[in-house]
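Visitor: Residues per chain are reported as follows:
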Amino acid sequence: GAGVSQSPSNKVTEKGKDVELRCDPISGHTALYWYRQSLGQGLEFLIYFQGNSAPDKSGLPSDRFSAERTGGSVSTLTIQRTQQEDSAVYLCASSLRRAGDGEQFFGPGTRLTVL
Amino acid sequence: AQSVSQHNHHVILSEAASLELGCNYSYGGTVNLFWYVQYPGQHLQLLLKYFSGDPLVKGIKGFEAEFIKSKFSFNLRKPSVQWSDTAEYFCAVILTGGGNKLTFGTGTQLKVEL
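Line by line, the protein sequences are chains A and B.
Heads up: the first sequence begins at 1 in the working numbering, then just goes up one per residue.
Heads up: the second sequence begins at 1 in the working numbering, then just goes up one per residue.
Read the hints as simulated data drawn from the structure, not as lab findings.
Careful, some of the hints might be misleading.
Claimed, not checked - Pair ranges (Cβ atoms, derived): (1) Ser53/A <-> Ser18/B: 40 to 50 Å; (2) Lys71/B <-> Thr13/A: 42 to 52 Å; (3) Gly71/A <-> Lys71/B: 28 to 38 Å; (4) Leu96/A <-> Ser70/B: 30 to 40 Å; (5) His9/B <-> Gly72/A: 34 to 44 Å.
Said to hold, decoys possible - According to the in silico footprint, chain B covers these stretches of chain A (three or more CB under 8 Å from chain B): (6) 43–49; (7) 52–62.
A virtual CB, placed ideally from N, CA and C, is assigned to each residue, including glycine.
All chains, full assembly: derive it from the sequences and hints.
Guide: Next up, the structure:
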C-alpha cells in the first residue's frame, strides 16, 4: 500500500514568513511523529501524536512551532516567523502501534530553506 | 539526559570488507533499539530492531546487530559489504512501553568502493 507522504517536497521561504508542512500517514496507523534532520545533527524528535490523546510536544524547539493532527490522520506542522536556523529536512513518520512498540515508517521529508 | 552516540561519522570500505558500526546509548530504563538506513535519494527505512530475547538480531540484506546490555551498546555488523550498502546508517533508541520518541544518533555515512 501507499507509504507516508509529505508535501511540499521542497519549500523556500523568506525569514519571518510562516510555513505549513503536511504529512499523510499510512492508513490505519495511529501514531504519528515529526522529526527534524539538520546537517550534521542527526534526527531530532519534535512532536508525537497517538490516537486521540494529547500530543507529546516535548521536542518542539520554540513556541513558533506547532502541529495539528485532524481526524486522527493528516498532520500539519506550522512554523511561524521562520528563522534561518529552521532550515532543515522535516520528516514525518507513522507507526501501527504506539511509540516504542513497533517500526516507524518514514516519509520522504520536506526540505525547508529559510533565506 | 538520554543520548545515542555513533562513533564513526564517515566510513569508507572496499567491497567484501567487513563492517562494524558502533552505537552506544545512555538511558535510564529498558529500551528498544533500532538501526535505520537511508540510501541515497530514498526514505529512512528500518534495517533491524531489538526488543527482547536473543541479543543477536538479524536484519535485511545480511546485516546483524548485537545488544550488549552491560556495555549499553548495539553495534551493527556485516561480514562482507557491497557497493549497494553505500548509505547513511542511524542508530535509534526508545524507552520500552511508554516512551514517545526515538532518539537517534548523528548517523554514519558509509561509502563502499568497488
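Visitor: What hints, given by number in increasing order, does this structure fail?
Guide: 3
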